[in-house]
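Trainee: Sequence:
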Amino acid sequence: MASLRDIATAAAINLLSAFGFLMAFAILRIQPFNDRVYFPKWYKKGIRSSPTRSGGSASKFVNLDCRTYCTFLNWMPAALRMPEPELVEHAGLDSVAYIRIYLLGHLKIFVPLAVMAFAILAPVNWTGDTLERSKDIDYSDIDKLSISNVPDGSNRLWAHIIMSYLFSFWTFYMLYSEYGVLATMRLDYLASELRRPDQFTVLVQNIPPDPDESVSEHVQHFFRVNHPDHYLTHQIVYNANKLAALVAEKRSLQNWYIYYQNKYERTSNRPTTKTGFMGLWGAEVDAIDHYTSLIQKLSEEEAAERERVSHDPDSIVPAAFVSFKSRWGAAVCAQTQQNRNPTIWLTEWAPEPRDVYWDNFAIPYFELTIRRLIVAVALFFLIFFFMIPITFVQSLANLEEFEKFFPFLKPLIQVESVKSVIQGFLPGIALKIFLALLPKILMTMSIIEGYPSFSSLDRRSAAKYHMFILVNIFLGSVITGSALQQLKTFLEKPPTEIPETIGEFIPLKANFFITYIMVDGWAGIAAESLRLVPLILFHLKNAFLVKTEQDRAEAMDPGCIDFAVNEPRIQLYILLGLVYSPITPLLLPFIIIFLAFAYVVFRNQIINVYDQKYESAAAFWPDVHKRIIISLIISQLLLLGLLSTKKIGKSYFAVLPLPVLTIWFYAFCKGRFESAFVKFPLQEAMIKDTLERATEPNFNLKAYLKNAYMHPVFKGTDMEKPLESLFEEEGSPLVPTTRIANKQSPSSTASPASSQSHT
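The sequence shown lines up with residues 1 to 759 when you count with our numbering.
Where hints are given, some of them may not hold.
What the hints assert, rightly or not - Below, in silico cross-link-like pairs of lysine-lysine (BS3-like), each with a Cα-Cα straight-line distance of 30 Å or less:
id, residue 1, residue 2
1, K613, K541
2, K670, K626
3, K45, K688
4, K274, K541
5, K108, K144
6, K679, K626
Think of the hints as simulated: they come from the structure by calculation, not from any bench.
Work out the full structure: start from the sequences and follow the hints.
Mentor: Take a look at the structure:
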């Protein structure tokens, strides 16, 4: 059982770690040679250039102004200074909505909850005498602040019941307000946004095969018949995955070629390499000639594959990006059913061009359901079997279990300082290491499911990660850490007793979660500001691969917010805060510190560093809202289970209406706000179209959309559709269809009316 001494040791270690990261960040960020690492966003916008310093050559690399080292925390007020509307314009709504999650949890929910909990519940718990009167219970001062110190059957427990209602209603109010604010921000953002291809484009999937027409002809025929006044053009989708792999491999070889060419120019000695894997073994050859030969061979393969894709009908997948003359026409198509068969001609808003994940378009539509079923089963087993290392990690928090695993360390473990480190620091850091590779596994599973955009892949991966954290980190930590010996008994209990069983162990795990918050939250967020890995990679590329300013810009990869990892991590802290606020309020200050610190750090990152790879206009917010609701329901059920063990008769049923009210609240918010995140109002579309036609009556929309949704490997090649043919399509009064042409005499002419009868 960790004591206040153990918690203080963990806090000291993590505070020192965080302070060390911040000091390193403060020093490194003001060095001229690191400027592109810590301010890459301003370089990409063309606002910032390499800093110039007066003085000798050393000043070009090292900041010699001693005054700048005295204000090492001045980046924090600078990060908070930019107004939110300007921040939306600078970084996008996705980034702003993301950091608002920290603000929602910190300032809007948990600060008021902490004030109420420490003003009312902490004195109620502390003045109880249950733990002092129990001679068989090992406890610490932390446990005296929890509900465990309240005597069974005491009327004091009504304070926890009443406060749980206050906590829930306050959370309802904050969630409703935030949902409304984000819905308004999204609609305003879409209304005020500059012209983008996805505003006029719809993604069409599962196009049915036609024996007489190609996919392109079939798409053109269908939409010119069924959307005659609004259809503009379309872009079919090719299965170019092999070609894209060849292009990527060629780019990698070219990087190695540049590396060895630069090395040769510096040393005047011809570099050599080995022909085996990564140049580690094999015959030694001239590196420049070797990579020249490989690039030449790969270029021939690329040309052959490009030719095959452009002429093989089987390389065309049954999907297309269809563009319309107006946003109104695109909105009507994206938000309606196109055929009496609801499984064909499926339409949805097209992701913006940089958001498209091209590899997944090659997956046949009928495979998607099978793939998602397989992934769901695989996710279940992944979560289940990951309980094994989680069980081991959590047992480290128990010294008896630790000594059982490592008996030869028993004399060392008895040392007080070592004991404090083991119980206060080791479990959290070990759990952090175990989770390092998990996001890549979950993202791979989402890719296998076949979602067509990076934003949807991130949202699906976040959902999987949230489920994993909920089961393994939260429930797994509670069960395996506190009830390892009683696990068999727990599994034998009926499902109706699960909340009671878990609720009984929840107060005992407050110590572990406090240490985890400090390791993952405090030190982890400070390390986020340092950007150590991008810093090292930039300087390696700059030393060996960079030859021109363009090369330097490519080496300066700012990265982006990893929503699939960071958002579920926030949800864990929100879950812990909601669960422990009526049980052990001492946890709340640690969560508040994390959320406040993370808000400042990530605000700095989206201002100066991150360049988001897509913009979904906060389309992920309904998922955020839903997961907070799930956390709230879990906290209510666990409090109900805990109170059922406190021998207060049937009074604990007073908590039972709370989950019902929470579900009703979720349904109400879903009906009130969710449509703003999945649909675009026709009125808004018409207003924007009318305004645009009035201000730019001669704008050539077809030329603007010409290659917006062409696969990147085809841009700048003969695969691009000639502009003249686009205008020929638009000027034709007929609806072209190969089927009719085959059934009529050569002299007959198809009319639009007759064409519609064959659709």
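Trainee: Checking each numbered hint in turn, tell me which of them this model violates, lowest number first.
Mentor: When the structure is compared with the hints, none of them turns out to be violated.
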